[in-house]
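2 protein chains.
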Amino acid sequence: MTPTGPVPGTRDIDGAAMAATRRVRASLEGLFDDGGFAFVHPPVLAEPGPFLARSGEAIRQRMYIFQDPGGREICLRPELTIPTARLYLERLAAKSETPARLAYIGPVFRYTSESGGDTPLREYVQAGAEWIGDVDAPETDARILAFALRAADAAGAIGATIVAGDLGLAAEAVRTVPVAPRIRARLLRQLWRPDAFLAALDATRTPRDRAGEANADSRLAEMGAESSRTLIEEILALVNVRHVGARTADEIAERLATKAEVASDDAVSAEIAAELRAWNEIRGDGASVLAAARTWMRNFRSDDGLRAIERAESRLAALATSGVDVGRVTWDLGLRGELEYYTGLVFEIRARHAGKEIVVGGGGRYDGLLRSLGAARDIPSAGFALTVTHLARIIAEAAK
Amino acid sequence: MTPTGPVPGTRDIDGAAMAATRRVRASLEGLFDDGGFAFVHPPVLAEPGPFLARSGEAIRQRMYIFQDPGGREICLRPELTIPTARLYLERLAAKSETPARLAYIGPVFRYTSESGGDTPLREYVQAGAEWIGDVDAPETDARILAFALRAADAAGAIGATIVAGDLGLAAEAVRTVPVAPRIRARLLRQLWRPDAFLAALDATRTPRDRAGEANADSRLAEMGAESSRTLIEEILALVNVRHVGARTADEIAERLATKAEVASDDAVSAEIAAELRAWNEIRGDGASVLAAARTWMRNFRSDDGLRAIERAESRLAALATSGVDVGRVTWDLGLRGELEYYTGLVFEIRARHAGKEIVVGGGGRYDGLLRSLGAARDIPSAGFALTVTHLARIIAEAAK
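Chains A and B, in that order, are what the protein sequence lines are.
With the numbering used here applied, the first sequence corresponds to residues 1 to 400, in that order.
With the numbering used here applied, the second sequence corresponds to residues 401 to 800, in that order.
Think of the hints as simulated: they come from the structure by calculation, not from any bench.
Small disclaimer: the values here were computed from a predicted structure and weren't measured.
Where is the CB? At the ideal position from N, CA and C, for every residue including glycine.
Check the hints yourself; a few may be wrong.
[As the list claims (entries may be wrong)] Computed far set for chain B versus chain A, every beta-carbon distance over 12 Å:
hint : residue
1    : Gly456
2    : Ile465
3    : Arg711
[To be verified] In silico lysine-lysine, DSS-like type, Cα no more than 25 Å apart, as pairs:
hint : chain 1 : residue 1 : chain 2 : residue 2
4    : A       : Lys356    : A       : Lys400
5    : B       : Lys756    : B       : Lys800
6    : B       : Lys800    : A       : Lys95
7    : B       : Lys800    : A       : Lys400
[As the list claims (entries may be wrong)] Between beta-carbon pairs, the in silico distance windows are:
hint : chain 1 : residue 1 : chain 2 : residue 2 : range
8    : A       : Arg283    : B       : Thr512    : 38 to 44 Å
9    : B       : Ala494    : A       : Gln61     : 37 to 43 Å
10   : B       : Ala458    : A       : Gly327    : 54 to 60 Å
11   : A       : Asp33     : B       : Gly436    : 36 to 42 Å
12   : B       : Arg472    : A       : Ala199    : 47 to 53 Å
13   : B       : Gly405    : A       : Glu281    : 42 to 48 Å
14   : B       : Ala494    : A       : Ala354    : 24 to 30 Å
15   : A       : Ala58     : B       : Gly405    : 25 to 31 Å
16   : A       : Arg175    : B       : Arg472    : 42 to 48 Å
All chains should be modelled from the sequences, with the hints used to inform the complete structure.
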């Protein structure tokens, strides 16, 4: 037997990289302890359901789902926010005071296609923190942004920066424009997926010229959600597609329905579509981004939108008094995060590595997640995670 | 969606148990650092081959083996000695000086059947140390035993004890007794499995009374190893048995061959079988065990056996000067360890918990493993691992 090397997409860590990994872990553990976070350790093995239902395509498509030797379908956790939220609900919610501050460090698993050279990492360690139950969202958002930058600094990625967006503001923008209710509902459902959102905008303006397709699509639309989903599941089962959850069938039904409804719905005008695209391109420092967003909302005379911007302004003011350099945060109203459960603030943490800027972490607000996992009501919550494996590589190479 | 709890056989860790887990980790990390061990971090995802070929049934039958989304068959590591040995060979052997001292901390995964109440743990954290390339085996064995006790103490399992055996000595016992060569070879192959060893002893003394069975068995024996393995693989494939490695087929062939060969071989005499059973029942403190073993070897006038006992005596002498209380180590010549790759010293580390003695770790010598993974020659190696998850539970409950 000859040595086979680690499985593609995984790495052996030793020597300087191991020392760097331990330094990153120790700094983050120290910072989280000092910040009053309680560490939790949910298992690596998990039920696939909550991830499939809540985390979004970017993760669903990359999950390791398999049968254990007893035939139970399980998965390797692809992230730690859902397991931490589940643990909180099942073990801590009844006895702990809110707000709760939880932290974790551990491996996560996301499949990536093998590329020509180095397969992108499929197994890596994340360290993260979650703020559960803080009612003052703007204040908490600002704290999280400041804490995430301090954590990146503590881990050795000095001068890391953040690009932040806001799904709540983006939702207000969609609620503000004059479009038909079904179109609005669809745009809101696709809001967290930039590509699908733009596709939904496009779909509403594409003339229907393929009669047969339109016919099939409208039949589905006539069948109603439940029946069309069942039909799609049956079709997928016939062609042997694996792991077809209700979710996947729903998404296909949704897309076909999008096309079908165009015939019966008023399309988004070219002008409105352009405005929504323009919203997504607002980017810059906090003050200028909010000024542009305010102008946009004023155009549409949206009082709700202006109130949402006031909340974003108080977040910005809280960030300014947090002690971090606000110049390290760029705002990008087109940023969505790739997780379906985000509802407000979303952000990426970036660091320079080997001459490029790479994403070393991210986070966001997920006010609806805990209810979807079983809580009696929405629980305002937000958090972030840093990828220890990336940070360790950065500091190990900086030390060379 | 309602909360589902963690997957059976896994546990959420928080609060006092989390604090205990971190204390155990930190003490062991500190001890391993002070001992001059270099930490390594092989991935959780691994090739199943080396475990299937080398670790033994107790682990093979409990492995999580599955296809990743790209169709590659992978597994979750069931232990960390094989991954650490692979990492050593691929990354360190060429550039590091031997002896190498490596350490690890991380999760391992072994399936267990669901029982009525609490499913036994399927996912837990192990912390371990490996001594690779030390040529003085008795001295190194003694160091490892002493270090394992100090590690258990440091982790908070004060007064932990060890039960130790020696597969090398047991092999000398088998080499010593007058039996036919094929019988001896079979007993040596089954040495590491107490049940299979006793079954092999029994098989050699069982009169054959089922003619059809004997006929089929002897046909297999006549076919030779290669052809009989192929036949068995085909039979297993026909009945749809999954994960049939060459290994499994070999084992079945071996068992059938055992039965078939009895007809043609001289059986072990009742007296020799009793002597080998008596060997397995030698148990007590080091001095009395070695005295009994010496008497046993003298009976058979085995010079090789007496030399092996001299090496065991120098191990005992080294242990006495190591500073640990030798009264904490009980020797049991019937102990085998459950790993096929062990070749000499094997031991279990035990601690008291909730009124019972539980196994919190184990270790042994595996001089042949690195060669089987691709090294050019045998590399004398040994190590041990402690289960952080068990130790944390012990100290968390002791603190109540």
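Structure-based check of each hint:
| no. | hint | in the structure |
| --- | --- | --- |
| 1 | Gly456 | holds (16 Å) |
| 2 | Ile465 | violated (8 Å) |
| 3 | Arg711 | holds (29 Å) |
| 4 | Lys356/A - Lys400/A | holds (17 Å) |
| 5 | Lys756/B - Lys800/B | holds (17 Å) |
| 6 | Lys800/B - Lys95/A | holds (19 Å) |
| 7 | Lys800/B - Lys400/A | violated (48 Å) |
| 8 | Arg283/A - Thr512/B: 38 to 44 Å | violated (53 Å) |
| 9 | Ala494/B - Gln61/A: 37 to 43 Å | holds (39 Å) |
| 10 | Ala458/B - Gly327/A: 54 to 60 Å | holds (59 Å) |
| 11 | Asp33/A - Gly436/B: 36 to 42 Å | violated (28 Å) |
| 12 | Arg472/B - Ala199/A: 47 to 53 Å | violated (32 Å) |
| 13 | Gly405/B - Glu281/A: 42 to 48 Å | holds (45 Å) |
| 14 | Ala494/B - Ala354/A: 24 to 30 Å | holds (26 Å) |
| 15 | Ala58/A - Gly405/B: 25 to 31 Å | holds (27 Å) |
| 16 | Arg175/A - Arg472/B: 42 to 48 Å | holds (46 Å) |
In the structure shown, a violation is registered for the earlier hints numbered 2, 7, 8, 11 and 12, in ascending order.
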